[in-house]
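Visitor: Here is how the chains run, residue by residue.
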Amino acid sequence: MSQQGENSYSQPERRAEERLQAIDTLKAPIIQMGRDLGYEIIENHDLGAGPVHITWVFKPGSESLPDMRLGFICLTEFSNSSINEGIARAMLNLIDKLVFVVPTETMTKQVKDAIESMPDTSILQLRKYVTVLTPSTLVSKSGIQGSRERRSTQTGGEVV
Amino acid sequence: MDKLVQAGQEKGFEVEQNIDYGAGPVDVVWNMNLHSALPNIKFGFLKLGAEEGQGASQDTEDNQLSLRKIEEAAFRGIRSGLDKVYIVTENEEMAKSVSGKIEWLASHGSLIRLDAISLGLYPEQQESSVVTPSQKRVPEGEKIRKEEEREREERFDKYNRPQGERRDNESEEERMVRELKIDENSRPKGQKKVFDD
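Going line by line, the protein sequences match chains D and G.
Under numbering that gives the first Met the number 0, the first residue of the first sequence carries the number 0, and numbering increases by one thereafter.
Under numbering that gives the first Met the number 0, the first residue of the second sequence carries the number 0, and numbering increases by one thereafter.
Next comes chain D alone, as it looks inside the complex:
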């Protein structure tokens, strides 16, 4: 009986299901990390242009400064149309910076290349707006001190 239940899924439905599961897997560490860092987390942030999978909302410390929104969109497979759609969703949903989260390093390179290969005449410099990474890069890099931090620690750590 259960076998029959599994087989009742059609091919596109099964693919959609797998895609959703892959997105959930990519989302989980980002949600966790955002929580650990104390940011406000919004899942499927949508002002009407379509969902941004995760959004971290920062309060920059003063009421007079606007909230900053860092958006994460998970891509399970590479295609130009999914990149176009992701950028459109992020920009039109008022995301300040977009991070594409992809499952493999190979795909990171593919997406980066696609974004950086824009014609010089374009009105947008998307490389300034979009970052591409895998969840493992995000988590492992968070524990590493930047060169400036290292230098300031070595020299007594006082920054003016």
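Hints are computed from structural coordinates only; laboratory data are not their basis.
Glycine residues also receive a C-beta, built at the ideal position from the N, C-alpha and C atoms.
Some hints could be false.
[Stated by the list, open to error] Counterexamples of contact, computed for chain D against chain G with all Cβ distances above 12 Å:
1. E16
2. A21
3. Q31
4. G33
5. R34
6. L36
7. Y38
8. E39
9. P59
10. L69
11. T107
12. K108
13. T130
14. P134
[Unchecked claim] To spell it out: a stretch of chain G is covered by chain D in this simulated footprint if at least three of its residues, at any positions, have a beta carbon under 8 Å from a beta carbon of chain D; those stretches are:
15. 74-87
16. 110-121
17. 170-184
Based on these hints, arrange chain G on the given structure of chain D.
Guide: Coordinates of chain G only, in the frame set by chain D:
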């Protein structure tokens, strides 16, 4: 699309067809060289229909294209370095719907004014595709009529509706009867309320 190619050539523009600059295919591009000292201006035309490469979702049954497709097409054009991205649809209704959706997407106050870059068009279009704001679209006569209605309501308030203490003492039933009489007898010609049997 052939009409657009022909129109571009007739106007003396360099026309490219089915070209991919790296962000996905663009159906027609007009390269406009207005002056030798100025860079070319690129107008891109992308055809949008019900069919889609993957999944083939049919979303044009009610003459509406999905926001997802419109956004994707507009950003395909922007990523391709086009100065203007025109989304070409099957018919006028669809083109208007696309332009309306672009206006709506732009109304959220994003960094990018999508409505300044992108518009919906249909193949036989001759008139302007720019969406006219309602303040300009509503005929002057309509505004006057609404103003008259407002003035009439004010007069009703002043002369036909009780004021102050009389209003406070009026029961709910009396108020309803009075409003019904006003509604039946005081409307201008052509605006009489029709009651169901």
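Visitor: Indicate, hint by hint, whether the structure satisfies it.
Guide: Right, here's what the structure says about each hint:
no., hint, result
1, E16, "holds, 14 Å"
2, A21, "holds, 16 Å"
3, Q31, "holds, 29 Å"
4, G33, "holds, 23 Å"
5, R34, "holds, 27 Å"
6, L36, "holds, 25 Å"
7, Y38, "holds, 21 Å"
8, E39, "holds, 20 Å"
9, P59, "holds, 18 Å"
10, L69, "holds, 15 Å"
11, T107, "holds, 18 Å"
12, K108, "holds, 15 Å"
13, T130, "holds, 16 Å"
14, P134, "holds, 25 Å"
15, 74-87, "holds (count 7)"
16, 110-121, "holds (count 4)"
17, 170-184, "violated (count 0)"
Of the numbered hints stated above, the single one contradicted by the structure is hint 17.
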